[in-house]
Amino acid sequence: MDYRWPDEYLAFRDEVESFIHEWRTPELLAEQRELEGAPGPLSRKYYEALQKKGWMRMCWAKEMGGDGRDPLYQFILVETMEYWRMPYGNLTFTSVAPSIAQYGTEGQKAAYLPGIWNGELTFAIGYSEPNAGTDLASLRTKGEKVDGGWKVNGQKIWTSLAAHSTHIWLATRTDPDAKKHQGISVLIVKTDSPGVTIRPLQTVSGLKTYETFYDDVFVPDEDVLPPLHGGWSIIMHALNHERVGLSPTSNLARNYDVLVEYLQKNAPHKLADPVVRNRLAELRVELQRHRALAIRNAVTIARGAIKPGEASMAKISGSELRYRITTLAMDIAGRAGGLARDDARSIEGGLIQNNYLASPILRFGGGTNEVQRSIIATRHLGMTR
Amino acid sequence: MDYRWPDEYLAFRDEVESFIHEWRTPELLAEQRELEGAPGPLSRKYYEALQKKGWMRMCWAKEMGGDGRDPLYQFILVETMEYWRMPYGNLTFTSVAPSIAQYGTEGQKAAYLPGIWNGELTFAIGYSEPNAGTDLASLRTKGEKVDGGWKVNGQKIWTSLAAHSTHIWLATRTDPDAKKHQGISVLIVKTDSPGVTIRPLQTVSGLKTYETFYDDVFVPDEDVLPPLHGGWSIIMHALNHERVGLSPTSNLARNYDVLVEYLQKNAPHKLADPVVRNRLAELRVELQRHRALAIRNAVTIARGAIKPGEASMAKISGSELRYRITTLAMDIAGRAGGLARDDARSIEGGLIQNNYLASPILRFGGGTNEVQRSIIATRHLGMTR
Amino acid sequence: MNPDLSETQSLLQTTMRQYLETEIPFDRVREHEEKRVADAELWKAMAGQGWLGIPLPETVGGGGAGLVEAGIFVHELARRAVVVPGAEVMTAAVMLARHADGDESEILAALVDGNAIVVPAHLEAADDLEKVDAAVDAEGRLAGAKHYVDYADFATHHLVTARGTEGLGLYLVERSAPGVSTEALRSTGRTPQAIVTYRDVPARRVAGEAAVGQLIDLARTFASTQILACMEVSLEQTVAYTNVRVQFGQPLAAFQAVQHHAANMCMHVESSRFLVYELLDALEDGRASSDDAALVKASLSRAVPEVTMLGHQLHGGQGLIEENDLYFFTIRGKDRALAWGSAEECLAILARDVETPPRWL
Amino acid sequence: MNPDLSETQSLLQTTMRQYLETEIPFDRVREHEEKRVADAELWKAMAGQGWLGIPLPETVGGGGAGLVEAGIFVHELARRAVVVPGAEVMTAAVMLARHADGDESEILAALVDGNAIVVPAHLEAADDLEKVDAAVDAEGRLAGAKHYVDYADFATHHLVTARGTEGLGLYLVERSAPGVSTEALRSTGRTPQAIVTYRDVPARRVAGEAAVGQLIDLARTFASTQILACMEVSLEQTVAYTNVRVQFGQPLAAFQAVQHHAANMCMHVESSRFLVYELLDALEDGRASSDDAALVKASLSRAVPEVTMLGHQLHGGQGLIEENDLYFFTIRGKDRALAWGSAEECLAILARDVETPPRWL
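Chains A, B, C and D, in that order, give the protein sequences.
For the first sequence, this note's numbering gives the first residue as 1, with consecutive numbering after it.
For the second sequence, this note's numbering gives the first residue as 1, with consecutive numbering after it.
For the third sequence, this note's numbering gives the first residue as 1, with consecutive numbering after it.
For the fourth sequence, this note's numbering gives the first residue as 1, with consecutive numbering after it.
Only true hints are included.
Some but not every residue of chain A turned toward chain C, in silico, with C-beta under 10 Å: (1) Ser128; (2) Gly133; (3) Asp135; (4) Gln202; (5) Ala267; (6) Arg279; (7) Gly334; (8) Leu339; (9) Asp342; (10) Asp343; (11) Ala344; (12) Ile361; (13) Arg373.
For the record, the hints were derived by calculation from the structure and aren't laboratory data.
Quick caveat: nothing in here was measured; it's all calculated off a predicted structure.
Just so it is clear, CB atoms sit at the ideal spot from N, CA and C, and this is done for glycine as well.
One chain only, chain A, in its complex shape:
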């Protein structure tokens, strides 16, 4: 037992922080605001620099093209980047690429991995459907076998970044007669394929997402991940890859820090109010409780152990705390706390208010908290199903 972070991890954190301070310029932030998260010229440059650092694959096995570093480095990367809300890789890197590396054919590896690494290829994830959200396995988008490939018909929602991606990583029912969890394959679909339609969806927190429609879209056989009809385990495996830093403490703590800084500058009388200080003390306690679950989960994953209950706990804790911190911070700041990010007077670009509106996402995204709680009960505590 030793709860200290060894020096090499702390040195890595410092390195990441230096990198952030170098790149997080007002110009980059302005570009991000303007393009609503889509890649612009500055963020492309930033991504290039990030890729040069090699951090995106640092925890992969050497034989898969990585550095074979301890996954706790990934944890530290995520925590440090998330504090400043700097992008550090998306599902293309954390989910698609490892899946191709592990399951893909040699041809697929050659066709996609280099392009992913140099940033030319980006993937949107096509899992959710209007009637298959939490119950993902009931998806209906179907592929019919045709000569040399598959003809795909169906509809996906929450295909985030679809309009800015070159490909869609599409969960498709390829065997309609198999049981629910079987008969699903992962297809790699070019976004400019004939028959693909992308429709933007505005969400309440400003995040743009997309609905994607597939009308007789042709996908060649070589773009089907093997094993055919065995997509469910690929999907599950891919989700597991994200879990070392699945619920950062730092970006929750950032809301706290932003509030305190605002009060120091604009409402010192409130910061002097014993009741406000007590509420802040309560938030500090909650942040540490969450931090405990987040690190506990990361350590387990870093060891290669599998304890789904720990990931579920970290995920529930972080997603629910996001709501509590932000709603309280808005109350403390009063009407100033309600200013949105499109108002120049808003606190730190409306960060807290925006986090409030976005807070439901993680409560259902990546498996609803209801499902997570049942996972804790059955798989961590051994309760009867």
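Since chain A is already given, all that's left is putting chains B, C and D on it; use the hints.
Chains B, C and D in isolation, oriented as in the chain A frame:
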């Protein structure tokens, strides 16, 4: 719409308060403490006086021997008595007597009602079994038809007051072949019948309850409530009778008042602490939220309407608030708040601490809060079962 | 003790609800919301229905009704999330009517027919409801700034709290007067709000210091009423959605965890409804104190994020997309939770008097 | 970053757990609890096992281990709810060892073999941990009163906080000295507690002012450790019970609402375990501040009523009967939540420094 209590109700409250102040002597309180709720000479006298007031039957229809008063009088009686924790009738009066009056044979009415009214007869309720708690209908205590009556075998728990009662109001499976909710009858069993064993059970909050065992206990036919095998509806009906004042606000508010009084006398610096004052303000809000649900439910019942969801809301709200008020009050009072009622230094005879330990009871008693929440969802909100 | 609407009150509720549901599709609300401008056409139409004068005396053409009826008006508007200053104008109108002398009858009549639109302007700089630096000089000229003024530009007049030669009071100011300038704000609720600056603006005193507290209590109570409406609709939409949305082979509504979330939402809604109407009823004849208004606002301001976030929890991704109608009530609800005193500010008011035993009857 | 017990630490845990589960039936705990007297026989036996000297130097016969090991000792005792001053003696022993000069080696050795039992005596009158009026005069005579002293009568010595001629410090006092009198208290936890009055009692100064803060931090941390144990066992018993208890035709554990309650309990337990051992580990080499100890205590003191009450919720009537073992952890847990600073008191400590950014790595 008029949220005022008309003068006649307020006058009744004043009458009840005067009565309480007359009877709530240190001697009576000492006797109650000593006998742990069992009837002693002073409380018998108190009950006599209470019965003379006619309050126990005041809301019954005149043809059932009552005064036909609006059930809101019962609500006011309960709230006023509960503030001072004075007894005002128990299940014998609120559940057994009305059931006999409504369902009993003429013989049963003649045999039991006068004795109940003059206090000679008291009933313990034998519903719960070791394996039939929330799922009451799965009870196993069984009656076998024998010549002139029934031979009863089984076991009940939470037969509160059994040792001080003359009879047990016993839910018994009389038709083993019927479906779960059918085949149950209510039997009136003398506690001194051969084969009845009463074993005390100590609960954490000091309340004593009893396990009762039935070995070949003979119950004559005339002590079976009609209709035979139709006991389930009697049981449900009886429970409904209690619901006008099922979750008083006053005894929750009493914890608040006791805490404030303690702080005024013993820790004025704490009462001056803005954080403590804020916590108390929060409790005031919660008390009013509960009061709203309690009155809403009472008004509906007083009108003869049936909205089970409202009773469930009042019940959940009151039972959960009891825990929150008491745990916080103990924290504010610090270690003084932890003194138990058997310590002479405890705050108001350990009222708050004792309420804390007793707080789980109402969360599962009378139908668990889980079941209540489903009732709200399905019967009040119309959600799919 | 009768917490239910009278027949007349029910009729008003039903009429308004049907009218708004029929006449105002949510997409029309989206249009006004996006532009942050009030729905002037709806306002005009409501004048035609006779609703704008509900609590005003019949002598000026009003409905001669009370605060409960005004509350129903505010409640129904909030249920449809329409972009009109219902709560604001009711607040100002009631204050003007209460303190009416001969001078006021003209503006009251104009309020009834929708030609005058008066909104309160109270809050200054920080979120401290007690701070009033705006001042009216001996010549009756107002100078000062008011923040987060709802519908400042749609209004024809502002009812401004300020300090004059006779002390603190309410002053009536014309929006179009030279010296009144506004700067738009973009808040969570997406309704029009602005910072208003008054430079040497003619202002007529209409009420004294006591009225300032009354104005706050009333505005706060109507904000609570709006919150109530947001919670109600959020719950209704959630029940409807979970009854039809199938996952794992059964409607969401049949899952125990879903039912329990909905039950928790329901307890907030039901207790809030009682508290809000009790307060309106008691404010009508002066039985309610400022503490009562603060308590109800504290309770509802805390409840509404809980309720609306549970609504989102049960809607999943569907509920976050702006094409779905759920979000209106999430954003309006939290906005009103911050208006006229957040839960924190209202608790601070309650904290001043914790020694009085809480009411239990 | 390694939050898991080492092999040696695991061995200590397993050994103690097996020993206590085998040797100490819960009915024996009930007996001592009812009489409010410590289990002297168990204390003696534990001396035989070598456990009483775990964190003491090997030179006095101790185990030479650290606070984590002492924490495991406290943790395992609390899991069995036994009526012995494990936390209290570990606190005093560590303080004595830290400030040991030659004089202390004798009492340290006696602590190891169980002949000396030293408990801290700190709290006075109100629940204000900063108030110390007890005084030691120039002749080394102590006068004052200490409240809620755990195991005051079972102890051979009290380690008393008092003000002497050299300022605030820790003083060692013999329980049997004339002038020491006790008055028993009956608290929620049902373990022996007393008010102790010292009248002109010989007292030896063993450490100065800094040690008083250290003593509080340590006692507070062990109280948190005890709370952790209570939550753990409450959860374990609840899981076991719901897995076998059948209602409506299936085990309780299979109901979604039951699973969710258990999951909430579990999150408290798992986060608390991390925080407690992190704190013990950090206190060992001085990395932890008083704020850290207060934070952990605040967190666990709030968590334990939640967890134990959910345990009762899921046990129904069975859990409230004293024949069931669940209640031990309910009452001990809440008792320790109040000891050495309630959640409210610990939050007040944290509230002094809210400007420092919270730790996230």
